[in-house]
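J.: Protein chains in written order, with my numbering: chain A, 1 to 419; chain B, 1 to 419; chain C, 1 to 419; chain D, 1 to 419.
Take these hints with a grain of salt, some might be off.
Computed footprint of chain C on chain B; a stretch qualifies when at least three of its residues, placed anywhere within it, have a C-beta under 8 Å from a C-beta of chain C [stated by the list, open to error]:
(1) 47 to 54
(2) 76 to 87
Which residues of chain B face chain C? A few of them, derived with a C-beta cut under 8 Å, are [unchecked claim]:
(3) Gly209
(4) Gly280
(5) Trp307
Beyond 10 Å from chain A on every Cβ pair, some chain C residues (computed) [unchecked claim]:
(6) Lys17
(7) Glu19
(8) Glu90
(9) Gly92
(10) Thr138
(11) Val169
(12) Gln194
(13) Ser195
(14) Glu317
(15) Val326
(16) Glu353
(17) Glu386
(18) Gln410
It should be emphasised that the hints constitute simulated quantities derived from the structure, not laboratory data.
All values derive from a computational prediction rather than experimental measurement.
Quick reminder that beta carbons are idealized off the backbone N, C-alpha and C, glycines included.
Number of protein chains: 4
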Amino acid sequence: MESVIRDPSLAPEGHRKIEWAAAHSPVLAAVRERYLKDGTFEDLGVAVALPVEAKTAYLAVVLAEVGARVSVAAPLPSVVQDDVAAALAERGVAVFANSEGSPEDADRWMELALEAATSAGEAVLIDDRAGLTRIAHTTRRRLLAHLRGASEETTSGVVRLRAMEAEGVLEFPVLAANDARCKHLFDNRYGTGQSTLTALMQSTNLMLGGKRVVVLGYGWCGKGIARYAAGLGARVTVCEVDPVRGLEAYADGFDVLPALEAAGVGEVFITATGNLHVLGEEHFGRMRDGAILANAGGVDVEIDVSWLRATAEEVYEVRRHVEEFVMPDGRRLRLVGGGMVVNLTAGDGHPVEIMDLTFAIQALCAHHLANRAASMEAGLHPLPPELDEEVARLKLEAVGMGVDSLTEEQRRFLAGWRE
Amino acid sequence: MESVIRDPSLAPEGHRKIEWAAAHSPVLAAVRERYLKDGTFEDLGVAVALPVEAKTAYLAVVLAEVGARVSVAAPLPSVVQDDVAAALAERGVAVFANSEGSPEDADRWMELALEAATSAGEAVLIDDRAGLTRIAHTTRRRLLAHLRGASEETTSGVVRLRAMEAEGVLEFPVLAANDARCKHLFDNRYGTGQSTLTALMQSTNLMLGGKRVVVLGYGWCGKGIARYAAGLGARVTVCEVDPVRGLEAYADGFDVLPALEAAGVGEVFITATGNLHVLGEEHFGRMRDGAILANAGGVDVEIDVSWLRATAEEVYEVRRHVEEFVMPDGRRLRLVGGGMVVNLTAGDGHPVEIMDLTFAIQALCAHHLANRAASMEAGLHPLPPELDEEVARLKLEAVGMGVDSLTEEQRRFLAGWRE
Amino acid sequence: MESVIRDPSLAPEGHRKIEWAAAHSPVLAAVRERYLKDGTFEDLGVAVALPVEAKTAYLAVVLAEVGARVSVAAPLPSVVQDDVAAALAERGVAVFANSEGSPEDADRWMELALEAATSAGEAVLIDDRAGLTRIAHTTRRRLLAHLRGASEETTSGVVRLRAMEAEGVLEFPVLAANDARCKHLFDNRYGTGQSTLTALMQSTNLMLGGKRVVVLGYGWCGKGIARYAAGLGARVTVCEVDPVRGLEAYADGFDVLPALEAAGVGEVFITATGNLHVLGEEHFGRMRDGAILANAGGVDVEIDVSWLRATAEEVYEVRRHVEEFVMPDGRRLRLVGGGMVVNLTAGDGHPVEIMDLTFAIQALCAHHLANRAASMEAGLHPLPPELDEEVARLKLEAVGMGVDSLTEEQRRFLAGWRE
Amino acid sequence: MESVIRDPSLAPEGHRKIEWAAAHSPVLAAVRERYLKDGTFEDLGVAVALPVEAKTAYLAVVLAEVGARVSVAAPLPSVVQDDVAAALAERGVAVFANSEGSPEDADRWMELALEAATSAGEAVLIDDRAGLTRIAHTTRRRLLAHLRGASEETTSGVVRLRAMEAEGVLEFPVLAANDARCKHLFDNRYGTGQSTLTALMQSTNLMLGGKRVVVLGYGWCGKGIARYAAGLGARVTVCEVDPVRGLEAYADGFDVLPALEAAGVGEVFITATGNLHVLGEEHFGRMRDGAILANAGGVDVEIDVSWLRATAEEVYEVRRHVEEFVMPDGRRLRLVGGGMVVNLTAGDGHPVEIMDLTFAIQALCAHHLANRAASMEAGLHPLPPELDEEVARLKLEAVGMGVDSLTEEQRRFLAGWRE
């Protein structure tokens, strides 16, 4: 099936970016050598829905190298780098991704990716916010029979899949790759943490030291953002709905306030909740002139941007990736990255090394599904812990570090209780 | 039943300490007002096995105040403050705890506490490292019928209880209080972290800045110790058996090495694994002259002190709580707190505010067991999450902070998947 | 005099950037209102040699607004943003700056700026690495009589001026603006720290957590870099020539090693010494494959890039701002920003708020020189401390904070000694 | 002259403490070997006024070992450890120090120490808060002729000596040992920082994580306290009179408020200003119930304890070293360490390694004065920088680290200005 991309001539720059990603992906490389080359992927379809940038591209390349029929769809036009899409198409992957498309196009791309992957046999899915899974259960139900299962990348996706499972409508097994410890402990915390703040600093050229930064949500993403913001000298306020997480934030040295109270004191606001309208009309009304807003969470509706656009007297770009909304009362609110996930729209996404871990997990998930899906029930499944540990072990090896094993005596000690 | 304590005349100092603990326990006080006063504890026995110091004592006092027949046993003589024991006895609690007892006495004390609590009816247990539970299942099986269940305080205890459950020998329901988020996220991390380093600094008068500190174990305890040690300027090396935790330590900025390699580079070693002989003959053999050793974990055998005592040419106290072992090759190893849990033997245990959380949880566990044990199966149970959240909410209130609630719209959003 | 710029049509983007800088420069705005508008600058020339980007531009604009005849020269083509240069020219400033010029052009630009500033009377200089001062003392000595004095922005410049003073060749008074506490404590530490790491992260997309980062130089710049790198999870090694600074780095929790030893262990190297060839042939020879190199110091020769270029078998760009040098033995070294000051060549320079402080100081220095130079001796002078304090006070006011004053009783206490 | 101490029988415990200090003083040991043994001290008097604890004692022992006639006076009874005093007396040092003495006794002790040191010839002074120097210029002026000079240990002392110099009454040369970089950068920052917080934590058993800690003064002491408090999870507010320091605190991520505003928000207050009545009636009036107060500064009047004692309705000890003051309105304020320097009165003073640096400096100062005082003018002098650097070099060597030297090429580069 022919790729849908913006401009094939951008491929050279895309290849260079993919090479950089490859050079910093020792774990995925080791996984390929030790696990993926066993023939599992020969002639198997793999449909991938993920932001189209260098690191995802390298995962697709690796899967293609071990024999898979790979198709890639962008879940949103805003997360497409056209040069990378072009390079990927040149390497024999079916690509459906164009940064100038509309959000509606994305559903169409995912449909095409599902069709491409199942065009000559069965397929497994590597999914983002359950997009491919949703399409397969709605507008492309006829393909369901060809899909062995899916592996889900995001927290938001897992939430949705649990909702599907609860409704009894999920028809194939899904591995919660997101819940792999090597994924959520690293990607959501260190990855989102570093890349969100980098995107903010490069977009605004503002200093973090001394700034009052409000982090909404203290899950792994919020924890990472708060910690690095503090590491760069910011004064951090956390907003939460879970009181135990709120208490952790307090013990970590942060102020913990209801969002409406925080709205009045913050200079920078970063949402990381996976929920909608965490910042909305009421909050905007209390913010000080010049407040900076950005979203680091998995859904694009955490900040109620529609309300902002509808209400502002004027909106213009004040720096690349930074829009200024002039409120009727004259205050100016500044939105970075359009309210979409800021480390992708105003940055290069997670650091390479983080994605190396994540995609090593994803590759092992796809491998596991390809071999075992037949014996797995429909529904959400965790990744077998030994695979999780293997990825961590490979990474520690790659950086010259290592862990111990329990001695037999210690194992017995842990198993006993009579002292 | 008459208390077994060292010296009743020490009571005044003990009362003063208990008052200090009470003054810093707003959460337990709020729990007492809102939950414990409902008559549940009237004439119910509560046997408590916990270190006997001011904060535990205040828990016992609160339970007695709401009508319980409370008995307290020290699980080890090394964790008894005699003044507190004396004060507690004066307040009508049956106390079995004497800092000058032998480890064998401790089993006897726990037997006495079980008998006292069941002397006039049924009882629930608040347990430490499953000590009371072990006694009840071995030398005091005849009391089993009077025990509604137990609440377990420690990670080590939960490990043991799982072993008992796996063997099918656990005969009453146990609430894993340790696994309450308000317990293990705070007590093990912030509590052990701060108090272990305080004990080390006050015992040794050494500077942490620049020191190479080796933390063995990167569970919640180890994480807290490593983080505060780094916060005080130490260069931290972590040893682990779980590669994913090892990788977290790496991403947190620490060196991660097998323990034998770390043995050669460390200046200070702190064990926090809950396992035995984490530091033993082989490690001692590689340590540099002057190395400092301490145990922060729940079991007293993490450092192989027996081997040290048997092997050293000379052992003498160089500062209060610090013993110097002169090895046959002339190197001197310095052990703080005798290898027992250092924040208790060479310090005052966890900070008061931490124990306030923990004991609020314990009080609610006891309350829950007292009311519901009849309908619970034998085996380990988690604390109902709403109680956990209530404790966190009460604490945030006490410090003037607060969290949000989900709006109806947000609740629906999280439950949906069709976008 | 006509401006020398690349493309006047770039002005709109430049104006937008300058507006952003203006919006975040409350201190310079306050200084303008309270001090600069007193007529001092009417018809006075001010020649400015500074990187041509939004924040510098705003300083030039402010000086022009209060009546000065302002000319701006870039000290190097690599630090010119052409859109800002165009916007500045449109606002009536004489600009000599073109990013596509050669390093030789820069001397010519500075000559032109000196001539423009003195074309209709006397002038003061705002200088960068003593560039204008050097030109005035060599190829444009005839202008010396028209120059009241200079204010110097950089540490490297102050070092050079001291050398000139020591040789007895400095012929006008210079204020060491760099040594103002509001300058060097903030600009060199927080400004260079944050912006250097931001530039590195956005250029390389690499993760700092766990990385072994070698910081060469532990002056204010190096301290800032080391601290923020650690705040982002890096493991930091410091190299120094001053043992007391080395010892500070040790107490701050960093490894301290001679540069040749550090060369073998580092993954990322950042120079911040103000000296030449801090990383050279010997160091390159010991580095691991894939090592990343960047310079954050004031001089472009800290990393011996000439040797790298002459020796590498191949050099190509692997990402924007990142060149890969393939060594004869196959190892690849990656240079960010060409060895020039990385936060300018691969980033947007210091955060706006930092430059607001710095340029408030510079504006006050120019004001001071304009009024007092006649009574000052040739040579280096410090800024009067009360001006330094005034800038800090204005900034604290702007962020809603404040300090105390000594009471009369306290003043007396500090002045007494008889107890 | 006979020593004035509390109880000679306490000596054994004192010897043990001194041995511990000796074992952790590699720098002073190296200085003794390389510098002090040259005969300079033979038959020279050295009068030392310093807190009498193990580390000071070891300095006195070292000086005695190289031939000096050493006398030691405590500048205050509150800083005397009687066991150390006894041990020192046994080792042939004249000791005037008794923890049960009155503040008035201290002046008498210093007089005795001056007399003992000059009893058989000339002497140099090692002074604390200029105590010996004050006595020598007032009640013991007749000894002035025998005193070659003094070395001053504290910031407060240097302030006083400057006052004396300004009045023209200082009659011998004084080396500002406090201003040695190896002294004030380490002792005041890391030493006071760690030991103050350790003393607070062990005295109160309170958790720092989440606490609002107000640090009054952001000099080196305050900086160290603030940084470690933040490292332990506290939320820090800083009060200052110098706006530039205030601005540093802001950029470091702390709130900066006038003390009266901070009084209303703090939970823990630590003074470190060297000034009087930094916390007084007005501040106490605004504090919340249960506020904790401690002084880490060099003078005992930073907290207006006299007012507290005069005003409180009740005062009693609630824990060792913690007094509770019940205010007329019922609020309770808790003072740790009596308002005297808390790391000495409620702790063991600075960490050993810090004092090793400080006393290596002091020993070199005494050595320098002994040899050069004749050619030095009366007044304050800095320590020659090469001695400062030598101490740092010896310390880095002792911990296995090291620094570089400038190459000849680099030295030339720094000296040039013509590019």
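J.: Taking each numbered hint in turn, which are not upheld by the structure, reported in ascending numerical order?
T.: Hint check: 1, 2, 4, 5, 6, 7, 12, 13, 14 and 16 fail, others pass.
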